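Build out the structure end to end from the sequences listed, making use of the hints.
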Amino acid sequence: MWRGYLHQPKGVLSLTSTASQVQGRWLREPQPTEAALMQGGVLGEAHQVRCDYLGPWLIGLYVGKQRVWLCPDSAPQESLREVRQLFHSPGH
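The sequence shown runs 36 to 127 under the working numbering.
Just so you know, the hints here were simulated from the structure itself, not pulled from any lab data. The structure presented is a predicted model; accordingly, all values stated were derived computationally and were not measured. Every residue, glycine too, gets a C-beta built ideally from N, C-alpha and C. Any given hint might turn out to be false.
Label-pair ranges, simulated between beta-carbon atoms [stated by the list, open to error]:
(1) L50 x D108: 16 to 26 Å
(2) G46 x R85: 14 to 24 Å
(3) D108 x A54: 13 to 23 Å
(4) H123 x Q83: 15 to 25 Å
(5) Q58 x W104: 11 to 21 Å
SDA-like cross-link-like pairs, simulated, lysine to any residue; straight-line CA separation at most 25 Å [stated by the list, open to error]:
(6) K100 x S114
(7) K100 x L121
(8) K100 x L115
(9) K100 x A54
(10) K100 x S124
(11) K100 x T51
(12) K100 x E117
(13) K100 x L50
(14) K100 x Q83
(15) K100 x D87
(16) K100 x R85
(17) K100 x L62
(18) K100 x S52
(19) K100 x G46
(20) K100 x W61
(21) K100 x S55
Spelled out as structure tokens, the structure:
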């Protein structure tokens with residue numbers, strides 16, 4: 036369990052959406068989050084992103100084969116709201 040925690044991804048995940056899927060890229064250079072994306076920081080390889088848990092506090096994502104949990108303190112509220120809207124299915 037502890038080993039899994041130590042290997043959790045850290046950094047900025049940039050999400051893009053097309054009609055059929057969501058893709059994510061990890062920001063490679065350690066920079067302040069918002070500024071890095073605005074300044075065109077170097078992004079890693081694109082991976083398909085899917086959400087399998089959209090709860091009131093946590094958001095569970097798979098970025099490729101990698102498991103990621105977004106907590107309330109992991110990003111600004113507006114960014115988390117945008118992620119929720121991206122993965123929310125009306126009527127579910």
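Hints, one by one, checked against the model:
1. The supplied range of 16 to 26 Å is met by L50 and D108, whose beta-carbon atoms lie about 19 Å from each other.
2. Distance hint check: the CB atoms of G46 and R85 are about 19 Å apart, consistent with the given range 14 to 24 Å.
3. The hinted range of 13 to 23 Å is not satisfied by D108 and A54, whose Cβ atoms lie roughly 32 Å apart.
4. For the hinted restraint 15 to 25 Å between H123 and Q83, the CB-CB distance of approximately 18 Å keeps it satisfied.
5. Here the CB-CB span from Q58 to W104 is close to 19 Å, well matched to the stated 11 to 21 Å.
6. At roughly 23 Å between alpha-carbon atoms, K100 and S114 fall within 25 Å of each other, so this suggested pair holds.
7. At roughly 20 Å between alpha-carbon atoms, K100 and L121 fall within 25 Å of each other, so this suggested pair holds.
8. Pair hint K100 plus L115 holds up; C-alpha atoms about 21 Å apart against a cutoff of 25 Å.
9. The straight-line distance between the Cα atoms of K100 and A54 is roughly 21 Å, inside the 25 Å bound, and the hint therefore holds.
10. Proximity of K100 to S124 is assessed by CA-CA distance (about 22 Å); at most 25 Å being required, the pair is judged to hold.
11. With a C-alpha separation of about 18 Å, the suggested pair K100 and T51 falls inside the 25 Å cut-off, and the hint holds.
12. About 22 Å separates the Cα atoms of K100 and E117, which keeps this hinted pair within 25 Å; it holds.
13. For the suggested pair K100 and L50, the alpha carbons sit about 16 Å apart, so the restraint of at most 25 Å is met.
14. Between K100 and Q83 the alpha-carbon distance is near 9 Å, which keeps this suggested pair within the 25 Å criterion.
15. Restraint check: the Cα-Cα separation between K100 and D87 comes to about 13 Å, which is no more than 25 Å; the hinted pair holds.
16. Taken as a hint, the K100 and R85 pair is honoured in the structure, with Cα atoms around 10 Å apart against an allowance of 25 Å.
17. A threshold of 25 Å between alpha carbons decides the hint, and for K100 with L62 the separation of about 17 Å falls inside it, so the pair holds.
18. A distance of roughly 18 Å separates the Cα atoms of K100 and S52; the hinted pair therefore holds under the 25 Å criterion.
19. Annotation: proposed proximity of K100 to G46 holds, straight-line Cα distance about 17 Å (limit 25 Å).
20. With a C-alpha separation of about 13 Å, the suggested pairing of K100 with W61 holds against the 25 Å cut-off.
21. Straight-line distance between C-alpha atoms of K100 and S55 comes to about 19 Å, which keeps the hinted pair within the 25 Å bound.
When held up to the earlier numbered hints, the structure conflicts with hint 3 and nothing else.
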